[in-house]
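S.K.: Read off the chains here:
Protein chains: 2
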Amino acid sequence: MNASIDQLYVQLTGFLDQEQVTQNETVRDLHSKDESYHTPSLPDLVVYPRSTDEVSRIVKAAGSLNVPVIPFGVGSSLEGHVIPYDHGITIDFTEMNQIIEVNPSDMLVTVQPGVTRSVLNKELKKHGLFFSVDPGADATLGGMAATNASGTTSVKYGVMRDQVRDLEVVLADGTVIHTGNKAAKSSSGYHLNGLFVGSEGTLGCFTELTLRVFGIPEVTTAARATFTSITNAIEAVPAILQAGIPIARVELVDTESIRQVNAYSETDYAELPTLFLEFHGNEAGLAQDVAFTEEIVTDFGCKEILFETETASRNRLWEARHNAAYAYTHGFPGKQMMLTDVCVPISKLAEAVVFAREELDRTGLEGGIVGHVGDGNFHVLLMIDHENEEELKTADEYNETIVRRALACGGTCTGEHGVGVGKQKYQRDEHGEAYDVMLKIKHVLDPDNVLNPGKLIK
Amino acid sequence: MNASIDQLYVQLTGFLDQEQVTQNETVRDLHSKDESYHTPSLPDLVVYPRSTDEVSRIVKAAGSLNVPVIPFGVGSSLEGHVIPYDHGITIDFTEMNQIIEVNPSDMLVTVQPGVTRSVLNKELKKHGLFFSVDPGADATLGGMAATNASGTTSVKYGVMRDQVRDLEVVLADGTVIHTGNKAAKSSSGYHLNGLFVGSEGTLGCFTELTLRVFGIPEVTTAARATFTSITNAIEAVPAILQAGIPIARVELVDTESIRQVNAYSETDYAELPTLFLEFHGNEAGLAQDVAFTEEIVTDFGCKEILFETETASRNRLWEARHNAAYAYTHGFPGKQMMLTDVCVPISKLAEAVVFAREELDRTGLEGGIVGHVGDGNFHVLLMIDHENEEELKTADEYNETIVRRALACGGTCTGEHGVGVGKQKYQRDEHGEAYDVMLKIKHVLDPDNVLNPGKLIK
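Protein chains in written order, with the UniProt record's numbering: chain A, 1 to 458; chain B, 1 to 458.
Chain A with its partners taken away, still in its complex shape:
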């Protein structure tokens, strides 16, 4: 440990309990990585604050010694967001995990950043409410706001940014601000909610979040629709959206991924390109939506559509979908996953996915494709041997090919995983001179580059 860290340790233990600050090797190791393939790197200290005031004092102390600060939820990020490449301190928000208020009248909830979405949903259920963003992982809400997470339900309910009504944020100098308020809309001042959501810990640490929640729909129906061609499956989706059907989930799972799912989840789904669908609504409206969707998918060559109305079988279906990533990990022992994450205009999606599959076959890499196709967002799940430099290089190049094509058709290098360290090399190309605006904002709000340095922007 260098002198600054020693000094910081003394300062921190001056106002925190001994057990809130640790240099323990195992704990540091747990905070050296996320769920991605990016190389781990150890923090010097891990700190567990219990209040906004403590976070403010921690950030201020670290800032005055020029020690990097990395906020950490459960470490489920996918582009190395929480890896302390410049070392410094990791602030673990595990102990700031209170649901502060559930407000059914305003359909709002206020939480500390360490609350996970499953804990929140369990509490909300008592009030007939639910929190809509579902990225698969049981991430913390602070982390989900930091990366602008989304997932399977965004096509109807929007992404994380759409749910954030207010953030309490500790800035680089320890100042505590609120980015919004509790009203449903506002045209007052610059929109700081939008700026801070997705800022990946580079502009501040979130210490409290006020989020929009929704009423649990009267009826929920899920379905699996199989197609003989992946192009047909994808092209059915804009037709469903244009018909004004308020589809709640529409997920593509390609043949290879269905195969992995069957092996892992002991399902016997037809091994064909499949759309997993979910409808939310009132009974009469949903019945009409379902019937109309059946007509549309039939027009697009759907081979079979099977409905799941029972909660248990519906849950099994979505569990199988969410377990697709684990299924691959299980199916390719010794290999690790690399995920692509582009999002393209939906009119370009079919050709982008077909291209991704063709390129994948060309490289000889193992993997499959799943996608939040209602948003034009898809992932190639690549199974690679990280010890094999050649394979890693091929996978990196493949990822780049997919990104370049997405950018060329008006899309983005990351639909939902964020930039972290993995997508930095595309930022200038994607944003052009707007990247300079981002750099200016970072520099003016964090002049000493203390907050999660080297992530998102540099």
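It is worth saying that the hints were derived from the structure and are not from the lab.
Since the list can't tell identical chains apart, any single copy or any two copies may satisfy a pair.
Simulated pairs of lysine to any residue, SDA-like, Cα-Cα distance not exceeding 20 Å:
| id | residue 1 | residue 2 |
| --- | --- | --- |
| 1 | Lys-125 | Ala-243 |
| 2 | Lys-125 | Gly-244 |
| 3 | Lys-425 | His-178 |
| 4 | Lys-156 | Gly-244 |
| 5 | Lys-126 | Gln-242 |
| 6 | Lys-125 | Pro-217 |
| 7 | Lys-156 | Arg-212 |
| 8 | Lys-156 | Ala-243 |
| 9 | Lys-125 | Asn-103 |
| 10 | Lys-156 | Gly-215 |
| 11 | Lys-393 | Gly-364 |
| 12 | Lys-60 | Gly-174 |
| 13 | Lys-458 | Val-444 |
Starting from the structure of chain A, add chain B where the hints point.
M.R.: Below, chain B alone, put in the same frame as chain A:
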């Protein structure tokens, strides 16, 4: 005209046609005001660019001479946003009024900033699509994005910020950036879309907008529900929302405003607190929504609910609602309107509106209340004699009383009209130290304070 303006005139006419730059007194007068009660002030020049490149050169030329630049749509702003208090040049976007692309597959449209929403909707109708934001006035889309406009349909479809997928923006130094892309979602870089929408011309001039559009719903039904008490009318609204009814419009019109509407629009609506409602959906689902809403409003003491399913009668109903402001102007000849615009958490709305009415009665000012109550946003329409300093002072103080109460309960000083010059005095109180973050962003992006100086922030 001072020397800088002379010099700028020479520079501008070097690359613009003579008729694109004017010092004409009448034209300048038309650009000296908006639809608000704020005191007019003349620009030195009015410029009519025809391309992004021209806007870039205009802004760059003005910036190099430290001459203020004020972007102007149709001048329907309500807080003095377009009034050139520091003089300088007004950029009128009238000639940049092309619909560049309608893209039904991606449910997107790309327009120049001078396109008005009625022109856009006329074109979209051919494709079975519509643009959802309806602030009443036939504003330009550039202006609507600049103020984060909303209105009657936001409860279902969201505000202007929710529709903006990409902006082309000319920055203070003439650089042209894009703030987003054409994908439905992105976690790449800082969210500049959100930051620039609602920036009121203080961070850049918008030269192109890519906006989300929606399919025209299968069925639309409107209704008028009358209540014996304004509190009951308002309290029915969160009950409707919590029931998960995807109501498309829910507007409060108080007794006084119904009286004005009847006099102006020759309607014979019952002179009682009224909710104007609209439902969008499929036939079966909407019927169920309507029946459920009837039950709910009945529970809240609704006296009568009348439905309008025919397009003509539905349009008449919304025309009457939208004409409420004109009705007042007509009903109080010689007086001018001042509008309050707070937005509060919906659970606080009933008491906020009752308070506003009581305070209004106490002051003796003439006026009434209308509101986008699904969002917790309401306006007091005050009719005042601007020559009467005492009355103007009373109205200002009244406006302040309403704002202070909104801020005290977690609301905002402006739900949709924006800050302009009228709501500046509340910015520090509303945003606290977050206001310093806004100031830093303004200063780093417009260091010489050339872009719409004195608006939103200063």
